[in-house]
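Given these sequences and hints, build the entire structure.
Residue numbers (UniProt numbering), protein chains in the order written: chain A, 1 to 417; chain B, 1 to 417; chain C, 1 to 417; chain D, 1 to 417.
Since the hints were derived computationally from the structure, they do not count as laboratory data. Do not take every clue at face value.
One copy or two, either will do: identical chains are not told apart, so a pair holds if it fits within one copy or between any two.
[To be verified] Straight line, CA to CA, 30 Å or less: simulated BS3-like cross-link-like pairs of lysine-lysine:
(1) 135 to 360
(2) 205 to 174
(3) 348 to 209
(4) 348 to 248
(5) 21 to 149
(6) 348 to 256
(7) 135 to 149
(8) 348 to 174
(9) 21 to 135
(10) 135 to 339
(11) 49 to 174
(12) 209 to 360
(13) 360 to 174
(14) 2 to 49
(15) 256 to 205
(16) 205 to 348
(17) 360 to 248
(18) 21 to 2
4 protein chains.
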Amino acid sequence: MKIVLAYSGGLDTSVLVSWLKEHYNAEIITFAADVGQEEELDGLAEKAKATGASAHYTVDLVEEFARDFIFPMMRANAIYEGQYMLGTSIARPLIAKAHVEIAEREGADAVAHGATGKGNDQVRFELGYAALAPKLEIISPWRMEVFRKAFPGRTEMIAYCRENNIDVEASASKPYSMDRNLLHISYEAGILEDTWFDPTTDDNKDMYKLTTAPEDAPDEAQYIELDFERGDCVAIDGVAMNPAQVMKHLNAVAGKHGVGRVDIVENRFVGMKSRGVYETPGGTILLQAHRNIETLTMDRELAHLRDSLIPRYAELVYNGFWYAPEREALQALIDDSQKSVTGTVRLKLYKGNVTTVGRKSPLSLYDEDIASMEGVDSDYNPDDASGFIRLNALRLRRRALAQGGPEIASESKLSRE
Amino acid sequence: MKIVLAYSGGLDTSVLVSWLKEHYNAEIITFAADVGQEEELDGLAEKAKATGASAHYTVDLVEEFARDFIFPMMRANAIYEGQYMLGTSIARPLIAKAHVEIAEREGADAVAHGATGKGNDQVRFELGYAALAPKLEIISPWRMEVFRKAFPGRTEMIAYCRENNIDVEASASKPYSMDRNLLHISYEAGILEDTWFDPTTDDNKDMYKLTTAPEDAPDEAQYIELDFERGDCVAIDGVAMNPAQVMKHLNAVAGKHGVGRVDIVENRFVGMKSRGVYETPGGTILLQAHRNIETLTMDRELAHLRDSLIPRYAELVYNGFWYAPEREALQALIDDSQKSVTGTVRLKLYKGNVTTVGRKSPLSLYDEDIASMEGVDSDYNPDDASGFIRLNALRLRRRALAQGGPEIASESKLSRE
Amino acid sequence: MKIVLAYSGGLDTSVLVSWLKEHYNAEIITFAADVGQEEELDGLAEKAKATGASAHYTVDLVEEFARDFIFPMMRANAIYEGQYMLGTSIARPLIAKAHVEIAEREGADAVAHGATGKGNDQVRFELGYAALAPKLEIISPWRMEVFRKAFPGRTEMIAYCRENNIDVEASASKPYSMDRNLLHISYEAGILEDTWFDPTTDDNKDMYKLTTAPEDAPDEAQYIELDFERGDCVAIDGVAMNPAQVMKHLNAVAGKHGVGRVDIVENRFVGMKSRGVYETPGGTILLQAHRNIETLTMDRELAHLRDSLIPRYAELVYNGFWYAPEREALQALIDDSQKSVTGTVRLKLYKGNVTTVGRKSPLSLYDEDIASMEGVDSDYNPDDASGFIRLNALRLRRRALAQGGPEIASESKLSRE
Amino acid sequence: MKIVLAYSGGLDTSVLVSWLKEHYNAEIITFAADVGQEEELDGLAEKAKATGASAHYTVDLVEEFARDFIFPMMRANAIYEGQYMLGTSIARPLIAKAHVEIAEREGADAVAHGATGKGNDQVRFELGYAALAPKLEIISPWRMEVFRKAFPGRTEMIAYCRENNIDVEASASKPYSMDRNLLHISYEAGILEDTWFDPTTDDNKDMYKLTTAPEDAPDEAQYIELDFERGDCVAIDGVAMNPAQVMKHLNAVAGKHGVGRVDIVENRFVGMKSRGVYETPGGTILLQAHRNIETLTMDRELAHLRDSLIPRYAELVYNGFWYAPEREALQALIDDSQKSVTGTVRLKLYKGNVTTVGRKSPLSLYDEDIASMEGVDSDYNPDDASGFIRLNALRLRRRALAQGGPEIASESKLSRE
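Below, the structure written as structure tokens:
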């Protein structure tokens, strides 16, 4: 049997290499995806092999992540439950895809991952595997009772590594768990499980890695201009950039100004609520800029239609249905909606605030002549509003006459002078 | 003929009293609504009568505005086009309702208003009149060519007042127009029609009235706790308040900390895009607190369903369809969704930022035992996730086998080590 | 241990009484729900006790089924996937509710049912149990490997009954399975699994129980009039009836005229497609009548909003989420929408066809004067349409000028004469 | 001035040629679109010129109508308000497009049409003109008071023709108005304005032109098989056909069997309700066949998403927003959803009934092994349903424990035996 294991070189997945090899009497191939987590990936091949793997892949997915995953999602203005920018969610299908590609190349029988049995990531990985390689076996040790019994806690893992001569740095465990990539860092579990715990106090605030606290950000505001073409950011302050460069540049600028922190309770797909704290510096700027270039260039009804579908799109991404036909169909609609989303947005960054202060476009639907309350010589004739209002009111009038009109909460108190 | 005119005592409506009286040979009753605009309303009766009105009503709508309009809308988390908190929109149906109540009491033949022929307010007023008093005549002078020709600009109005001995203060005209009430101030038109114009610069920033600039806000963060019952804020920092008190208190606190400014391009119902700058200090806090108490107390699927309907609800409020059956039906759904939205949210205010830092509730659906990645003795069995994932994946697997699976943008580049 | 078992007296559940008693060393209470299936329910208590049950409940749910389940669903015009009238789905939550009520009264530890492990009914029952009695244990033998191994087929069940002196009639097994209640009969499985199999041919058509084949229905059409109040049918041909009477009466009339057959492939919640044939005679008439009284009495925008939510509502009913907060919130919206749905619909029944041929209402929103193309003296002024159209066209014009207009598939071929 | 007039050769548009020429002192070009109305189009050029037109275009749009308008709409399963198949609506944008193309080729200043000021067609035409030729002037005589005063009724028109030597056949006016094309005939106005009037009685039934009455249809059922590729019907009973051929063939077969009549009250975009009777024989078959090939080949979630958008899509078509960006974006989603909608549907036609009796596809997502209740050796493990149900129930259980569970209408009456 041959298993391809998603591998980070940390305690958990080091144990997994060895345990899977033994439990299944299998050949283990390890795989590490670079999605911009800025962790040490050098030396992973050696480490994996020392732990028992027969081969290792480190795959650089950074540009693909930005171009084929983050950017399409940004074109949708996707936010889960109004607050979460889907930083972890959007990386999972890409990792699953590379995982499966390796399994196919290796002729492996199974893929294995170290995601827990309570989280969303197990679902996102496995829906990806199922959609892309429907016959591949999936091994999820944290959902195997034999594994959970063998490793009830960190202590047993460290002991197991010692026994098996697995070299793991006995790094101090953090009081929360983290996930980082090009789009964000998430923090959850541990001390954050208390929903009344405040991670922004002086005692706690060194948790944050990507953003300065607003209190510590520069006293001087910074202006930034983003150019969009068909819904994608293609240049910043006049400098053309590819998607990954855009993300890196924005992360740096936004992080410096304390932009992009949120602290929420969210609903997991597996059925429970959980608390997460997120830093999404570049994404926060990008989303706001994108939404505001749309205000100038996207038709009203198109925008409203699209907006009504975003909760659904975001839910699909969150739940792991990236490779599902309904996500693809929504993407077709979204991409069609971006045909004219071209122009420039000017933003002001200051101590956690991102303020839109200007927008312009060669394809602008904004017509200063028509918009102006002063204009008399434009194409808009105020008299047209009379017919417009009367026909819109027709059904309300008819209802009032035939059915007695709306229910009124209370009468206003009138006094005649 | 008897006409009830919405009256502010300013140049425009002073002209209207006189012009309507003459043009229609009508008796004019004036009406001023107090919706928290904090303008001088004393002396309006005298002024109106001096200008030719036969009677005047000043109606205090502040508490009704907060309780029956702002609060129901907040229960919906309504935002128009993702950015506008509907401050002007939500006041219009209430003003229309009081207007119509006076017309009925007075046995008037018509209602008249001074809204322009290009804006949303004419629609909002007149849809309100139509729904509540379907047979009442509506007079909208700015959509009458005879009126527009008589008053092509401010100069002609001032001249008209002089000729007719109408006392108006020759206040300097502002380079933009404003609308204020308990929920917000809006700024539009004039210099703001240039969508690249930045109103936050030192030269321009004295436009803002309700909020300190983030740059000038206190260096010390302030914490605030809001208690909710069934979706409504009922106390702040432990002090019980009625809806109007909540709004006033939050406006003061948020304004001090520079919270609640937005600068957007929006789509008017009458068909064109326009640019608006808004200050909604208290509303911004209230919305965020409400959304975050919901995260703890509202079921996932209920929240997602509700979220999918908010663009539509907000559109209805924006367009003036408050007294429409579809708004009432949505409100029934929204109010039903708030049955368990009870608890406390803790927020941190700092230089324009509102950060949620804590939430708790006696009806919390968050279960620390189940949410915990560590928990083993809870009601949640990780093995259940296996079946859950497999049945969710069933259709994706079948699709891959029968129809060839999803389209993949590109293959990742793999290198074996 | 004490278990309440859903019991029909047939082969499967007779086996279950005995097997559960033995396997769990438990006391078994049986329960049969009368939801209008018109099966023999007399003598069930004796039979159950003879098989080992210590007590039995037969519960008459017919009127409750019609009033609290069928009628609220009809107010929604609910149809699953455009074709299935949810006859089985809507009965399940009621059966679960009665099941749980008995378990509570008996102080039982668990509820058990005989639904298979591949179908929707297991989900519907168990979501009902979970919502109503969250701590009650659920036993689903067909999802227990030990049970499936003991009873791989019908033969082993019959043998088991013989061994255990369980008296079951060795009725010939049908080549499909059926479920009947006041709303419908469903047929599935067996020969129907071939999606090309035609059950309407002369050889096969005796499968149908509730409806005459259209070919065999009377040659004379029959007219029928239904009176609605607030969305519910309250009288037929002038005779007042309660909900269960309405259903029975309509089933008889519709069945006689061959109304209400459908043959579909549907998507089960557990992930696969299945084929079902349904007879819903009375429901088919009721739905059409309801929809058509709405056309006269329901506001356009309210109707469109409601219609957009029906796929979701129907999906919730189908999937078993009756006791879920999102279904309740949708019901609040739907019930609010029915406030004025009052009036009379006239239908013509003929050989499978139901044709609406008349509708009238004291609350009608239809205004013959305004609708008439001839009318000149009505409240509608054709000139208003000019402004209405121009403002609706404004954004399309602007788009054409600024962004180049819509994409055109092809140019028409013109020839000048 | 040069005006292109939509022209039928009937009384109304004959008057218009002459009146427009005189009123505007303009050159008139007439235009007739062949969209399958099967009226006499030969000799129109001569007739138009005799009436004063300087040139005439008859444009054959039949194949374009079927291919670029009917078929894309059928891919969406579009039905307005659950009952109307949009036969008139879908032809209007195509006629507007050809109209505008002629105007551009002729260098005309304006387009004119003879649609009334109360109907939907004026809107559909004019939104089409606006989107395709934003600067072209639009003349709608029925919304001009001078025209309406000149021609208050048919009598004045006939008199005008006599005076002006316009040759019109004094055909007896029908007691309703009709619109026919390749997809349908509509009947409205006149005697149909009484919503209690039954047009199917022996006295009235000769109104219907495309369909035999079910009562008069053959006593023998007919079977028909439609082949679909990517959502479009490409062959009938094994014979390949282009879209227009498909429509003509289906119209003949369905018409013979009395299929495709509906009688409804609908909501016009201009604000009032109206009553319409429609014959859509071929379309009715096509829609049912399409929906049923989808049941076999379209993923569940994709189908549900698409279904939720159809009311909106149908509304757009009905209201005349074919050339609107939101319709285009929805079409992108719909077309994407049709990628695998390939296969064959078998239907039975009998006296007004269309019954699906078989469906098969090389891309079928239906898996007989998995669907079978008997199957044990398939990929589906019933035990997976346990985890699936438990995680789906998790939030319902938590709600019951924390918030008290759902509201129950009433308790069932239990009696223990």
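- request: Could you tell me which of the hints above the structure violates, numbers in ascending order?
  value: none
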